[in-house]
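Asker: Those protein sequences? They're chains A and B, same order as listed.
Residue numbering for the first sequence follows my numbering, starting at 86 and increasing by one per position.
Residue numbering for the second sequence follows my numbering, starting at 2 and increasing by one per position.
The hints are simulated quantities; they were obtained by calculation from the structure and are not laboratory data.
Mixed in with the good hints there might be a few duds.
[Unchecked claim] Straight-line distance between alpha carbons at most 30 Å, and here's what the computed DSS-like set of lysine-lysine pairs gives:
#1 A:Lys193 / B:Lys130
#2 B:Lys90 / B:Lys130
#3 A:Lys193 / B:Lys161
#4 A:Lys120 / A:Lys132
#5 B:Lys130 / A:Lys132
[Claimed, not checked] Okay, the calculated bits of chain B under chain A, using three or more residues with CB under 8 Å as the criterion:
#6 46-56
#7 68-79
#8 96-110
Idealized CB from N, CA, C, for every residue including glycine.
The lines below spell out each chain.
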Amino acid sequence: MRSFQQRLPDFNTRGIRVVAISVDAPDINRRHCQKLGFTYTFLSDPKAEAIRRYDLLHPGGGPNGADIARPAEFLIDSSGTIRWVNLTESVTVRARPDQVLKEFDDLKLTSPPGG
Amino acid sequence: MTRCRLPFSPWIVKFAGTQTSKKRQWNFSLWTGFLLVLAGFMSYVPFFALFPITRDFPWVNLLLFVTGGTLLVSGLRRAFRQPELFRGKILGSIMALLSIAGIGFFAFGLFCVARQLPASAAAPHVGQKAPEFTLLDQNGKSVALADLLSSPPAGAAGTKANGVLLIFYRGHW
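Extracted from the complex, chain B is given alone in its bound form (with noise of 0.2 Å):
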């Protein structure tokens, strides 16, 4: 009797097979993982740069890379090791590429390109003169520094400006 049913012992285990990968759970960890360094790569131009406690240090986005590629990790895990319970095998590999590629990406942004800054080494120091200038405003109006100093900011008190802040910045664009 047993010997009869053994030809199709492999027919019954491919047809379990096949229900078993029908039924394979979506791998969220993979999903989850890879939105999350998603999120980490988008936000900090529009959002995190916003506030200086997000920007001069952007931490919450490491934060969110750290935590997506765990999460990537683990659910490339699953998909590899139990092929025949969790999807993501293919579809996993490419997000974590994306993800490398996103995250190296960034690092290089932030780590390398935003600090290639001249040295200035010529800037003038504390105690020097500062230099004289004559630029345009919004407004088409010619100041020059010493009429800046010359006149205090609107609603203080006083006939001239106790100190004028220079802010240099790249222009917006």
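Same shape as in the complex, but just chain A (with noise of 0.2 Å):
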């Protein structure tokens, strides 16, 4: 998350909207925003809509049994199509910024100027 907000320029200068989603709710999101000086786009998914819908539920796996999503990246370009996943197989490991980017740039996903 850190990461992300640190290389942040790098997604917009390349016209790509960083989102982060999980089960907290959105007072609980703005709260840690505003302290961790997150500027992207936090959204809360409470009842596991969203994380059910990408078959990301881990049941059971949050503080006393909550059900939370598991970590997981997708990229998806301006035609709402998934160009990238990444389904980590450990809570520690998670995408970094600069595989996305590149997986962006090697993609090809920005729009040529005016188009």
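Join the two chains into one complex using the hints; note that each chain is given alone, in its own frame.
Answerer: Quick look at the structure:
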């Protein structure tokens, strides 16, 4: 999360919206964004509707057996098509900004000027 | 003359023994080893997990465990082989047991518990349309995936986004 905030200018110049999704409530997200200086979008999915739609529910994975999202990253192009998926095997290993930016550049997802 | 002295010799030996036991050396390798293992155990979550290079594979922590473990073993060896010279038979054994438990707990947590994730076999694949959703953002505003795609990020040129990166995460707790 921190690393994506640090590299946010690189995502912005490429026209990539960075969006984080978890079961945390909006006010928890707002507090954390203020505290940690995050400026990108944090979405709240307390009922795990989107999380279930993406088959990312980790039943009982949270504190006190709460259902949470397993870590995962999806890169979606401007037409709404998924172009890259990262499903980690360990909660400690996550996608890195450089990795995502390289995928984006390799896929040439930037629309041509004026297009 | 020599016969006369014999009965005293055990006394002399015993006296000499207590003298050396008072002068037994502090077993520094035991302590250094234990502190290194402790540092390896405590430092991952608050520090090394913050940096990708030490987070993805906890090599610094494993290095601390190996170095600390080696020192502990050599310290224990000294304590048991030369108890007249080095301290730490009991305390060293306790420290060694604690270290084994700590390293075991660390390895179990990182290499077993952290990997117990659902397979997510039905997660959308590359080439599929991303499933639509509408959720509240941190300002309480309702945001749909279509909205994200149709507006560029702050400071970017153009009228729509070139892409959206969705990061699903476990939440802050």
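Asker: Are there hints from earlier that the structure breaks, and if so, what are their numbers?
Answerer: 2, 7, 8
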